[in-house]
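Protein sequence lines, in the order shown, are assigned to chains R and G.
This note's numbering numbers the first residue of the first sequence as 22 and each following residue consecutively.
This note's numbering numbers the first residue of the second sequence as 16 and each following residue consecutively.
Calculated directly from the structure, the hints in this document are not laboratory data.
Here a beta-carbon is modelled for each residue, glycine too, at the ideal position from N, C-alpha and C.
Mixed in with the good hints, there may be bad ones.
Just so you have them, the derived chain G footprint on chain R, three or more residues with Cβ under 8 Å [to be verified]: (1) 23 to 30; (2) 35 to 45; (3) 78 to 87.
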Amino acid sequence: MSKLLRGAFVIGRRDFSATVLSKTFLFFLLGPMFPLMFGGIFGGIGASVASQREKPVVAVVASQSDFDALSAARMRLTDAIDDGKLVGLIRFAPEPDAAAQQKRLLATSNPPIQAVLTGIPAHPSLTGAIHPDGTTARQLQLMLATADVAPAPAPRMDVTPTDSTSGSLSKDRSITGQIGQMILFFLTLLLSTMLLSQLVEEKSNKIVEVVAAAVPIESLFVGKLFAMLAASILGLLVWTAAGAAVIASLKQGGLGALPPPAMGWPGFLGLTVIYFAMNYLLLGAVFLTIGAQASTVREVQTLSMPVTFAQVVIFGFAATSAVSPDSGASLAAMIFPLSSPLAMVARAAQSPDLWPHVAAIAWQALWVAVILRLGARLFRKTVLKSGPGLKWWRLGRT
Amino acid sequence: MLRQAQHERFEGPAAVEATDLVKDFGETRAVDGVSLSVPSGSIYGLLGPNGAGKTTTLRMLLGIIDPSSGTRHVLGHTRPIDAASEVGYLPEERGLYPAMHARDAIAFMGALRGLPLREGRRRADELLKEHGLGDWAKKPIRNLSKGMAQTVQLLGTIIHKPRLIVLDEPFSGLDAINQARLEERIRGEARNGATVIFSTHVIAHAERLCERIAIIAKGKVAFEGRVDEARSRLRPIVRLRTRTSEGPWRAAIPADARQEGDHLVFELPATGPEPLLRALLDGGAGIEALAIERPGLHDAFVAIAGEAAAVEMIQKEPEQ
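The following block holds chain R by itself, in its conformation from the complex:
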């Protein structure tokens, strides 16, 4: 065992140094910045375009007094509904040829007119590219209903705010669990692709024979896996610190202002890191095994697609535990080794019990060992063309 660990340490140290000290690691650290940056840029451009673009309005052909009554009704609605979400109104004085005026208004693009409202207040008629039961028609109906009615004084309602209710907490924690799963999923997706190409590099450098002659082949797997884990945890720490700083600067109260998980933030973040490690080790061991079978970058690319799909399926399976934590599917996701870390992150957000996590981590660690051993044997069998035939019932004895 000590030979295995010593070999794994030497390989892991080399891989970690080679990864972290390379210029490309800076791009790895900056990786999450790019979607945010592009999101910000294109979001800004989109918002700018949207603000420059005039919203379609309804042309109201009516006298000034009738229009004022309708406008006042609209104003009252803005107390409860955001102004931007209410249909805009613009008045036009009635002309002798009502039909010609309506036709001309509908063809006007400045301002862009969505529909023409005529005949208020007695016989309102709406003409335009709208659905009879659509939002615009319904909003106008509501405005017309209250336009000529004086608003009755509403009884004063006392409002007592509380931190949270069980209903809101359950929803918030579900959201926290889903966010945790998403982060784990995307991180693992990113890393597994990198890991797939790791052994190809080793094989194309022909160094694998030197390593295989010097240390047990399991050392190669364990060393590579943990080196990548260490590098990614370094990245995770950098991203977490940067993320916390951004949240603290944007949102008063920092993390405390986000929906709190059932375990509390320290426990939840600690378990997230552990489950990230387990998720990465489990899937990483599988991908390392697959990557070991590939000889070229092209083969790695071919293998990447089914691997990515497999991850998406596993993510979808694990997501059930965030949506319905007590369902049978959720329990199955927590037990199935490859989805267990993702499912348990959601549980950490929703339940304060610690013992299921201890059991789950032990269960996942067992599977990491099994997959690593299987992977090493497969590597020996298919790449080094060595060793006896693979028989799963003999794995425990070798």
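Chain R is already provided as a structure; the job is to place chain G on it using the hints.
Just chain G now, with coordinates in the frame of chain R:
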């Protein structure tokens, strides 16, 4: 003139012992019952054409692959991995990380064998200086020439001062100067007590370096023993030039003698040189030149492994 290997007596247990090693890859039998005994402190050559099973045999001895059947002992261990810290291995397909500095690559290979990294770097600096690569110690491998990179890998093979050094085709790809340096390095390691096993398809290297050889052909050991034993399987060669081409002396010349230019070339008859000389003198041959040569390892190889294997080796052999 070829420098002959010193023949010594080796005491103590064999550094490597293999008995009836067999390796099957699917339906193909790559190695078929190879048995070897490599004395401690010797330089041992594995000779054979490409595809003979040399590399597979070495990989089995080192534990990189497991034999289908048969046993092996490496430095007293039945599991080769248990002797890994005392073994150095240079594979046929050289491999180094291109971005790694030369000294770090050497130290890394030492660390794989249990040498502390700091000590490995110190020794790497010394060895690189000794080999004229001191200025390249902190340069990435990708900046080194092929010969330099091969030297770096060889230094990585011996950095931890192994008792057993296994080199698979170590001379391939090296120019004549680097080949000579490598030969000297191998002799130096053997002088320091290490056992060196190397495979080659270049007979001249084996002839110059090895005390013992194994000739492998089609997965089987065709010969295993000392180089002089291999040679002694053939009778000496006589090269004769005479003033007369015919006469009674011709009766003493074997029927299978061949004409090479103005020389007659034939194996020395089993009766030895004296009856031949007497027949030549008494028969009026008029001897102008007479040489009795010991057969080289190449001739022995042809006799042992077969003409086809020898032709294949010669085709792959670089100019010496």
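Looking back at the hints listed earlier, which ones does the structure fail to meet? Violated hint: only 3; rest satisfied.
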